[in-house]
Amino acid sequence: MAIVAKSSKFGKYGRPTLAWIVGLLFFFPIFWMVLTSFKTDADAVKPEHLIWFTPTLENYLNMTENYDYWRFAKNSVITAVMATLFTLFVGIPAAYAMAFNPSRATKDVLMWMLSTKMLPAAAVLYPMTFLTKSVGLFDTKFLIVMVLSLINLPIVIWMLFTYFKEIPKDIIEAGKMDGVNTWGEIKEILIPLAWGGIASTALLCFIFCWNEAYWTVRLTTTDAATLSKLIEGNRAPEGLFFGRLSAVSAAAVGPIVVLGWFCQKQLVQGLTFGAVK
Amino acid sequence: MIERPGRHRPGRFSEMSDAPSFSLRTGHWFERHLPKIVVLPLFALSLFFVYGFIAWTAYISLTPSGIMPNYELQGFAQYERLWATPRWYVAITNLFVFTSLFIVISMAIGILLAILLDQRVRAEGLIRTIYLYPMALSFIVTGTVWKWILNPGLGIENLVRKAGFEDFTFDWLVNSDYAIYTLVIAAVWQSSGYAMALFLAGLRSVDDEILKAAAVDGASSWKTYTSIVLPILRPVFLSTVIILAHLAIKSFDLVVALTGGGPGYATDMPATFMYAFAFQRSELGVAAASATIMLMTITAIIVPYLYSELRKTGQ
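Keeping their order, the protein sequence lines are chains Z and S. Position 92 of the first sequence, counted from 1, bears residue number 274 in the numbering used here, the numbering being contiguous throughout. Position 149 of the second sequence, counted from 1, bears residue number 180 in the numbering used here, the numbering being contiguous throughout.
It is worth saying that the hints were derived from the structure and are not from the lab. Hints are all accurate, no fakes.
Examples of chain Z residues lying across from chain S (beta carbon under 10 Å, computed): (1) P198; (2) A434; (3) V435; (4) K447.
We put the CB at the ideal spot given by N, CA and C, even for glycine.
Construct the entire structure; sequences and hints are all you get.
Here it is as structure tokens:
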């Protein structure tokens, strides 16, 4: 139940107005980026063309023709999808084992996994670059998929665990009585029951993979470069090419914004780690 | 590994220990352990990556490594050089200022927005999604967008001047005393909607009866929030702080995209410091020393937390 204040003029009109104004403030930077992406680089830095300008698709055309947008986009899609699938493939059995066959160490393992997320990535960048270059994995999609999977696995297992532990144990046990094996239990009983939670987790994992910039920028050059790398490559010194940069950024976040719009429930649920049902 | 239902162990994860464990009536050893077998290789791999690389970094910090690793031990000379570097002090001060401001402001805005939305605003789901959108963007995009807005010649300053206030100045981005606050602004924009969602979920889970009782007693909404609801939300505060602190440690991409550590090195953070020393200034030993200090600091925070968690469960 919400604490609904006594009805007053403010409560009826003021609050929704305030909520929407804040909403616009939150959305403004994204809107601004999209607006700027339709300006030429010259117009983007001219104050007189702040709001009134001649929209142009030049930046987008330039991006696809000269900057190979589709190659970066393809790499982003491939690595994010593969990493999400792989993380779920490993994460579902792991969370299953933790939720339904807990052992004394389960909680410690869970805490340990989450604690590794706290370590500063900058500390291991050098050895990582060094090692991957010496074994020839540097700038391969395989490496990026593995890195994305490893960094997202703790959060995915944790989230799946919070969903799985709400499933009544009796249902799983009934499956055991019927002689269904572990794999069958996961496939036939667990996945259909926890489908909503798995979908939210998958969406979150996909978004994290898609947005990952630290490793994808620094462990790739061309073959496995993702959209983060494209944005990074288009950042220029002060005030240059803002139109182009905005177009690249908009094209990189576009899929996430559209996906998030159609999966609002999963987005909210996933981003809050299941706190919002 | 499969355990019989143990004695009751209270604590955060008590649900787990209370779960009935099964002795599997069917299936073979392999099948029973299938989930663990699937996880094990990846588990070993992350152990190797996390601890192997930490050990390597700690070792390198004790060597005279420059542009390339040099495996000759020399003691703590790199640490002495690190603590004699003014830039390092700027970096740790910045991390402290940024992290505390970012967490406090995000939580304050988050809780105010949650209370605002808790009043049954129409189209709440839509507004909530909009508040949360920034969180779904990557730090480099956030940095790019705000770089434009905060740029004195292009963004807000210019806009307000055009509106007639010729003397208006908002040049934090290029002012080395204030540039660190632009990082706070961008990071708060990205995360406060997120804090809102966590608090809103907490508000909605407050027991109806308590609120009704408060209403019967004639408590004002302000009083109800400050003396009843907020204390109940304490666990939400804790998890929000943990998640936001984790984001703050990972703010590297935001710094690189928004200020690049500048002007000069005014907005350097430990992560950008390490990066600059390892890759641009060929001071691998100093970078490793700073990494080791950061790792030890974070461990010093995590270990007591884990320890108290474990002690709560009586292990």
